[in-house]
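Undergrad: Let's have the full structure, built from the sequences with the hints guiding it.
In case you want the letters, here they are:
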Amino acid sequence: MSWQTILLNLLIYGFFVYSVTIISFYILIGIYSIGETIEYMHKNSFVDYRLLAVSPEAPGFSIIAPAYNEGMTIIENVRSLLSIYYNDLELIIVNDGSRDDTLNKLIKAYDMEKYPLFINTQIPVKRIRGVYKSRNPVFNKLIVVDKENGGKADALNAGLNIATQELVVCIDVDCILEQDALLKMAKPFLENPEVNMIGVGGVVGVANSCKIERGRLVKVVIPKSWMARFQVLEYIRTFLLGRMAWSRLNGLLLISGAFGAFKRRIAIACGGYDTKTVGEDMELVVRMRRYMEDKRVPYKVSYIPDPLCWTEVPTSVKIFSRQRNRWTRGTMETLWRHRRLFFNRHYGLLGMLSYPYWLFFEYLAPLLEAFGFILFIFFVITGMMNWMFFLVVLCFIFTFGFGYSAFAILTEGLTYNQYPKGSDVVKLLLAAFMEPFIFHPLIVWSAVKGNIDLWRRRSGWGEMTRKGFQSVHS
Amino acid sequence: MQTNAVEIKVLTILIISFLPAIVLTILFTFFYLMFKKRRSKEKGDLQRLFYLLIEKVIFNESTIFPKNDGRINLPMKFQKKLKKRFARSVMKDVILDSKNNLTETYGENLQALYNQTGLKKDALKNLRFGKRWYIKAGAIQDLSRMNQTDCIRHIYKYVNNKNKYIRMEAQSAMINLWGFRGLRFLNFIVHPVSEWQQIILLRQLSYFTYEEFQGIEKWLQSPNDSVVIFALKLVRVYHRFELYDAVAKTLEHPNLVVRRNCIITLAGIYTEDTASLMISHFDPEARICKLAILSALQEAGNEQSIPFLMKELKSGENEYKLKAAQAIVAIGKREGLELIESQPFSDLFPWNAIITQLKEETA
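Chains as they are written, first to last, in the numbering used here: chain A, 1 to 474; chain B, 475 to 837.
Source of the hints: derived by calculation from the structure; they are not laboratory data.
For every residue, glycine included, the Cβ atom is placed at its ideal position computed from N, Cα and C.
Hints are not guaranteed to be accurate.
[Said to hold, decoys possible] Computed Cβ-Cβ distance ranges for the label pairs, DEER-style:
| hint | chain 1 | residue 1 | chain 2 | residue 2 | range |
| --- | --- | --- | --- | --- | --- |
| 1 | B | LYS636 | A | MET388 | 55 to 65 Å |
| 2 | B | ASN698 | A | LEU353 | 25 to 35 Å |
| 3 | A | ASN140 | B | ARG545 | 36 to 46 Å |
| 4 | B | LYS636 | A | TYR13 | 42 to 52 Å |
| 5 | A | PHE437 | B | LYS510 | 49 to 59 Å |
| 6 | A | TRP445 | B | LYS833 | 36 to 46 Å |
| 7 | A | TRP3 | B | LYS510 | 52 to 62 Å |
| 8 | A | TRP226 | B | GLU793 | 27 to 37 Å |
| 9 | A | TRP226 | B | ASN826 | 54 to 64 Å |
| 10 | B | ARG559 | A | TRP226 | 35 to 45 Å |
[Said to hold, decoys possible] In silico PhoX-like pairs for lysine-lysine, Cα to Cα no more than 20 Å straight-line:
| hint | chain 1 | residue 1 | chain 2 | residue 2 |
| --- | --- | --- | --- | --- |
| 11 | A | LYS421 | B | LYS515 |
| 12 | B | LYS605 | A | LYS43 |
| 13 | B | LYS788 | A | LYS300 |
| 14 | B | LYS510 | A | LYS219 |
| 15 | A | LYS152 | A | LYS126 |
| 16 | A | LYS43 | B | LYS595 |
| 17 | A | LYS114 | B | LYS833 |
| 18 | B | LYS573 | B | LYS595 |
| 19 | B | LYS555 | A | LYS184 |
| 20 | B | LYS511 | A | LYS219 |
| 21 | A | LYS43 | B | LYS638 |
| 22 | B | LYS530 | B | LYS510 |
| 23 | B | LYS517 | A | LYS421 |
TA: This is how it looks when you write it as structure tokens:
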């Protein structure tokens, strides 16, 4: 046997073992996740959330929403957040040195004036230029913080310093929250006396093309853009078939930066958001978990499958690619920063399962995929590999991918059924069919580019231009 | 060149075996959506029909109550429909929904309907023989919402059930059916009462006219920490001033959450000794309890507390400083603020910022 054959066999069987492991993980996680979602729905059928809304014993929430150059939509966005159904609530909008008229619009629309608030700077942040409160008692929940530009993490840290409530919800200012979102997020913090619930994440839904009135989502519609449709499918897979299983195992490493709730004291105790990474959401969760593990305090990070938050996803290839590039860099930075966790028994499930899974199957998967694809093509061209074998492998991957997406669509129908029309399902199935040819290569390319950028030390978020929700403009 | 004939064969078999599974998944998705749509329409039709029946039941129509003896003469078409499990489930929801929106007088007719349609029997059967926790919990919830007081003994068995959701429903049902007397399960439960459950129980108690209830002293000494916390909340909500001494003893409790709740409760039923008691416990306390004490002193503090508060204002961490300053102002009003302003450090940060905020708060 020549060395080329040995090398070829090693590569082929290496990829084969990797693929079988990742497919097995997907199947196991998917099944485990469905079990947890169904259990959650049973539990939820007994709950009357209105009790919490009126109870003086309910914990208080501070919503922290950083805003940077959001002048076009800020008034509507804040109105939407102010209409959330919760008794003990404060809404902190952090104007992160916007270069547009975000601050002026807020001051004018909500009758704000400078308020001499003492800020207990527990996490260092860029200079705060002023804190504003409304003269109008109707808006007494609203606090606007004006600060020098320091990035999203810095703005969130400023919010953490100012927040007074026990629980904080960190969200993107342009997200639309369901009216009962906070009631549902509060419950996991209250129902487990044995463990310290440190963070709760919720499903983020795709709001593109949905009907929105007065800052509220009134009808879920399948997006018109194919790019957004692919992302609907991806979100269904991620949230319904993934996160619930990790929540059940208490192995969640990520709570989406678009919508997540945390215990304020613990977030502050472990230093708040890291301003040096673009993946500050994942990094905070990993650091909070590590902090609790080091202290040997029982804790949990939970996740609820209700669609509580809606956001506009990018529909342009360029912006989408930037977003995924950033996510890759964020993941890599977090994994590198916490490399001590890797197969470290001291950190239990976090070190032995969650971290390695993220490293091998979330971070490395697109890189290995790109590498494997190029290598296999090279082998086929040079005649080292049978082209028939190559095609069968591709067919197998495609069939599994499509089958997994079909299963995710079925799960969505069986649980929350947000896309109840047959035509919606057809559109999602078509998206699942086209995804491996259009969307998936884009994800792989963005991930590869993210790595290249990271090695070249290119940081930053890149501009995220949003089109705005339909009703905002109408 | 390698032919990989075996691998190709294996992968082809896998692809071929995947295909029917995918087709089945897709077909099932469509069938399920169709079924759901049909069920939803059927449910709407049944709801319309049942609401009409309930209207007649509520207004004592003679066609429904022919003998005026409280017995319902259910028309044949309803009897036929109610043989199906789905229709009974819709009927149950309609009755429960109507019950929520009606006064007690009308509720009695609905109870009669609930009993005579066999829904009560269904619930009791589910409670006894249901294998899944949500079947049992659902049965308890239905019986409770329909005020089936004669089922208390069946429900009481479950207040300490090892399944969290069953016992939560049973505990809520006990309060719903028995008012303050229903709290007696606190005497012996060994499982924790979650904060969520405590909120539910307090809310349910608020629907009843307050009556003196016994047992709090015992609950304050319970080996179950969550029972102690709940008892402290009961003292706080129902202003049970006579239990002050029993509450004060829980300041020595080993559980931090209990102590924190004790401090909050003491602030609600304080006497002239409360402030000094809290201050004497301040130094060895955990941070969270220290903050609770400083907040409580805004209510329970007095002039004797000022030296302690001044000490915290001067040397404590920033959060303590702010809380201490707020307590001083709450106790001494304008003079309190003047006292802080007269301190030599008042021009320095953070005291100057705290003073500016306090001025704004008191303006």
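Undergrad: Are the hints correct? Go through all of them and say.
TA: Status of the hints after comparison with the structure:
no., hint, verdict
1, LYS636(B) x MET388(A): 55 to 65 Å, "holds, 58 Å"
2, ASN698(B) x LEU353(A): 25 to 35 Å, "holds, 34 Å"
3, ASN140(A) x ARG545(B): 36 to 46 Å, "violated, 57 Å"
4, LYS636(B) x TYR13(A): 42 to 52 Å, "holds, 49 Å"
5, PHE437(A) x LYS510(B): 49 to 59 Å, "violated, 32 Å"
6, TRP445(A) x LYS833(B): 36 to 46 Å, "violated, 58 Å"
7, TRP3(A) x LYS510(B): 52 to 62 Å, "holds, 60 Å"
8, TRP226(A) x GLU793(B): 27 to 37 Å, "violated, 51 Å"
9, TRP226(A) x ASN826(B): 54 to 64 Å, "holds, 58 Å"
10, ARG559(B) x TRP226(A): 35 to 45 Å, "holds, 43 Å"
11, LYS421(A) x LYS515(B), "holds, 15 Å"
12, LYS605(B) x LYS43(A), "holds, 16 Å"
13, LYS788(B) x LYS300(A), "violated, 38 Å"
14, LYS510(B) x LYS219(A), "holds, 19 Å"
15, LYS152(A) x LYS126(A), "holds, 11 Å"
16, LYS43(A) x LYS595(B), "violated, 24 Å"
17, LYS114(A) x LYS833(B), "holds, 14 Å"
18, LYS573(B) x LYS595(B), "holds, 18 Å"
19, LYS555(B) x LYS184(A), "violated, 37 Å"
20, LYS511(B) x LYS219(A), "holds, 18 Å"
21, LYS43(A) x LYS638(B), "holds, 10 Å"
22, LYS530(B) x LYS510(B), "violated, 30 Å"
23, LYS517(B) x LYS421(A), "holds, 18 Å"
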